[in-house]
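J.: Listed below are the residues making up each chain.
Protein chains: 2
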Amino acid sequence: MNELSSRILCRLTAADDFLSGEDLSVELGVTRSAVWKHVDLLRKEGYQIEAVTGRGYRLTGLTGRPVEAEVAPFLTGGRFGRKLSYHEATLSTNILAKALAAEGAPEGSVVVADCQSGGRGRMGRTWVSPPGVNLYFSLILRPKLPSFRVPQLTLLVAAAIHRALSALVPEIEVKIKWPNDLLLNGRKVCGVLCEMQSEPDLAHFVVVGIGLNVNQQDVPPELQGRATSLFLESNRLFSRPELLATVLNHLEPLYDAWLGEEDLSFILPYLEEHSLLHQKEVAIDQLNRTVRGRVSGIGRSGELKLEQEDGQTCLISSGEAHLRTALS
Amino acid sequence: MNELSSRILCRLTAADDFLSGEDLSVELGVTRSAVWKHVDLLRKEGYQIEAVTGRGYRLTGLTGRPVEAEVAPFLTGGRFGRKLSYHEATLSTNILAKALAAEGAPEGSVVVADCQSGGRGRMGRTWVSPPGVNLYFSLILRPKLPSFRVPQLTLLVAAAIHRALSALVPEIEVKIKWPNDLLLNGRKVCGVLCEMQSEPDLAHFVVVGIGLNVNQQDVPPELQGRATSLFLESNRLFSRPELLATVLNHLEPLYDAWLGEEDLSFILPYLEEHSLLHQKEVAIDQLNRTVRGRVSGIGRSGELKLEQEDGQTCLISSGEAHLRTALS
Chain A
1 MNELSSRILC RLTAADDFLS GEDLSVELGV TRSAVWKHVD LLRKEGYQIE AVTGRGYRLT
61 GLTGRPVEAE VAPFLTGGRF GRKLSYHEAT LSTNILAKAL AAEGAPEGSV VVADCQSGGR
121 GRMGRTWVSP PGVNLYFSLI LRPKLPSFRV PQLTLLVAAA IHRALSALVP EIEVKIKWPN
181 DLLLNGRKVC GVLCEMQSEP DLAHFVVVGI GLNVNQQDVP PELQGRATSL FLESNRLFSR
241 PELLATVLNH LEPLYDAWLG EEDLSFILPY LEEHSLLHQK EVAIDQLNRT VRGRVSGIGR
301 SGELKLEQED GQTCLISSGE AHLRTALS
Chain B
1001 MNELSSRILC RLTAADDFLS GEDLSVELGV TRSAVWKHVD LLRKEGYQIE AVTGRGYRLT
1061 GLTGRPVEAE VAPFLTGGRF GRKLSYHEAT LSTNILAKAL AAEGAPEGSV VVADCQSGGR
1121 GRMGRTWVSP PGVNLYFSLI LRPKLPSFRV PQLTLLVAAA IHRALSALVP EIEVKIKWPN
1181 DLLLNGRKVC GVLCEMQSEP DLAHFVVVGI GLNVNQQDVP PELQGRATSL FLESNRLFSR
1241 PELLATVLNH LEPLYDAWLG EEDLSFILPY LEEHSLLHQK EVAIDQLNRT VRGRVSGIGR
1301 SGELKLEQED GQTCLISSGE AHLRTALS
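Going down the list, the sequences are from chains A and B.
Heads up: the first sequence runs through residues 1 to 328, numbered per our numbering.
Heads up: the second sequence runs through residues 1001 to 1328, numbered per our numbering.
Pulled out of the complex, with its shape left as it was, chain A reads as follows (with noise of 0.2 Å):
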């Protein structure tokens, strides 16, 4: 969507009758002509508005896509997603959301993709991203922090995205696979990457890239058992400009209140309640071991707290937790 078709449907989301023309053309710098040219433009993707001579234009029928004039009614927040660039198809929306925030793009900073030909979980794993029913976003932040405080943004961004799924699902318990998966049901249900550049005492930006199987029917035969959708566990379908909203509406209220705290403490029990993995048995592969035991709880930097079998207590930054069978 161009950026006068957007700016034009954020004025129609947010009037609550008739826009005159007149009003719009000025407001927007351009032309009677040019503003019925982009409703035009915006009824062929889809949008049902309504023009009354003399009365002007009025939005009677969203798409239900992810796009700032849709996402934008759903925030409450004063700075995420308030910037908010869509796009059809993209490899990765990381990717984008990574050279915007070179540039300079804002904290807040929202990137969204209808489907990503190359989406991306962590260790360069793929993330299956069809269009049209997922959500897969990436939020551009700035925290005034030293680098070694970024990883706990991780754990932080699987709380707020574990309320916003429990407020919209309370009948299905969700899940916090540390360090940064999502589950209904023991299945995946939501991923979140983050990537940053950094020097040692002060992160440049950090780019917070988030999947979330909302809408998908099938689950593809690789993923059987592993993966699923909010639409799967609950039978229900979702909006997803307010699925996106809401996310990013438990996040920044939590983002700021870490930012003001050294660590994750004042999250910890809130986390560990909702840990997959808590006071269960677990085999951790890092990048060149596997280490093995009880998750005591988490740390507060958000590090697994691992029993292990010699009875001491180990504190794991990283890797891929399994939880162990009898043959693991």
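These aren't lab readings, by the way, just hints derived from the structure by calculation.
Be a bit skeptical, because a hint or two may be false.
[What the hints assert, rightly or not] Below, simulated SDA-like cross-link-like pairs (lysine to any residue); rule was C-alpha separation at most 20 Å, straight line:
no.: 1; chain 1: A; residue 1: LYS144; chain 2: B; residue 2: SER1317
no.: 2; chain 1: B; residue 1: LYS1305; chain 2: A; residue 2: PRO146
no.: 3; chain 1: B; residue 1: LYS1144; chain 2: A; residue 2: ARG125
no.: 4; chain 1: A; residue 1: LYS144; chain 2: B; residue 2: LEU1287
no.: 5; chain 1: A; residue 1: LYS37; chain 2: A; residue 2: GLU3
no.: 6; chain 1: A; residue 1: LYS144; chain 2: B; residue 2: THR1290
no.: 7; chain 1: B; residue 1: LYS1144; chain 2: A; residue 2: GLY121
no.: 8; chain 1: A; residue 1: LYS144; chain 2: B; residue 2: MET1123
no.: 9; chain 1: B; residue 1: LYS1177; chain 2: A; residue 2: LEU202
no.: 10; chain 1: A; residue 1: LYS144; chain 2: B; residue 2: ARG1289
no.: 11; chain 1: A; residue 1: LYS144; chain 2: B; residue 2: ILE1284
no.: 12; chain 1: A; residue 1: LYS144; chain 2: B; residue 2: ILE1316
no.: 13; chain 1: B; residue 1: LYS1144; chain 2: A; residue 2: ASP285
Assemble chain B onto chain A, guided by the hints.
T.: Just chain B, lined up with the frame of chain A:
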């Protein structure tokens, strides 16, 4: 310098005797007149190249600029500096190197500039970068490590530079000022700025930026008493290509050793021995506070160990250190 000129110059610097125009043209896949044209361009850049009918070309004089062909003969390692791009002027070699790294430049690639219009130190501070006299370069690294280990690199690089400088100016004691500066007679001669792009589990790339004052003969008024150059302290001029290679030659094996270690333990005695702050009273300015105490050592991850007035020892991960006088 264009690609073909650079390749011809590399061949000439590596040769012991005359190289025939015919051999050069076959080897480089270009015409003999193209070889001649680029030899002429090299002469215009200041290289002295003898041409003798029937024998070919022989290099008899270099320019002393830190270009690939002049650096390569001094390199002893297999990767660092083997791919080197030289720029007469750039905003900042770190900015260029980050762009190259994002495009996939291999580990060990080096970007050098003769001068920088926007040279930067830590925390966005300026690094004064006049032309023709100093070294400003950035090294691209791709350690397959979780991001929390990367800040250790700053001190590792400082140790490598310390070794290089101590070899070149053995008459002067070189000191490391935690975490990223090197000093001669109490004045800053070199600074290191490491920047990374990462996800928590994995560093994607690191750019190690190094600014080293080599043959600079004047210190700007605002840096009087605080900055210096190798020339100003030793009254000798240094070959920038040799110096650049010497730093890379010391860093490459140290880096390879560090990849196989858990932390900086293996190099801590060296770092503590040459630390300016060791056993000194210091004040550390952090983003939102100042911490004071006596430095008792360096932690395994490169933190400063600080004994505070209450007798507690704390580990300081980031900040700007100042030696305390009676007044501070």
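J.: Indicate, hint by hint, whether the structure satisfies it.
T.: Evaluated hints:
Of the supplied pair hints, the one linking LYS144 of chain A and SER1317 of chain B holds, its CA atoms being roughly 15 Å apart against a limit of 20 Å. Between LYS1305 of chain B and PRO146 of chain A the CA atoms are separated by roughly 18 Å; this keeps the pair inside 20 Å, and the hint holds. With a CA separation close to 15 Å, the supplied pair LYS1144 of chain B and ARG125 of chain A stays within the 20 Å bound. Among the hinted pairs, LYS144 of chain A with LEU1287 of chain B is consistent with the structure: their alpha-carbon atoms are about 8 Å apart, no more than 20 Å.
Taking the CA atoms of LYS37 of chain A and GLU3 of chain A, the gap is about 13 Å. The hint holds against a cut of 20 Å. Taking the CA atoms of LYS144 of chain A and THR1290 of chain B, the gap is near 16 Å; set against the 20 Å cutoff, the hint holds. For the suggested pair LYS1144 of chain B and GLY121 of chain A, the alpha carbons sit about 17 Å apart, so the restraint of at most 20 Å is met. For the suggested pair LYS144 of chain A and MET1123 of chain B, the alpha carbons sit about 11 Å apart, so the restraint of at most 20 Å is met.
Proximity of LYS1177 of chain B to LEU202 of chain A is assessed by CA-CA distance (about 19 Å); at most 20 Å being required, the pair is judged to hold. About 13 Å separates the Cα atoms of LYS144 of chain A and ARG1289 of chain B, which keeps this hinted pair within 20 Å; it holds. Taken as a hint, the LYS144 of chain A and ILE1284 of chain B pair is honoured in the structure, with Cα atoms around 17 Å apart against an allowance of 20 Å. Restraint check for LYS144 of chain A and ILE1316 of chain B: satisfied, since their Cα atoms lie roughly 17 Å apart, inside the 20 Å limit.
Using a Cα cut-off of 20 Å, the hinted pair LYS1144 of chain B and ASP285 of chain A holds, with the two alpha carbons roughly 15 Å apart.
In summary, this structure violates none of the numbered hints.
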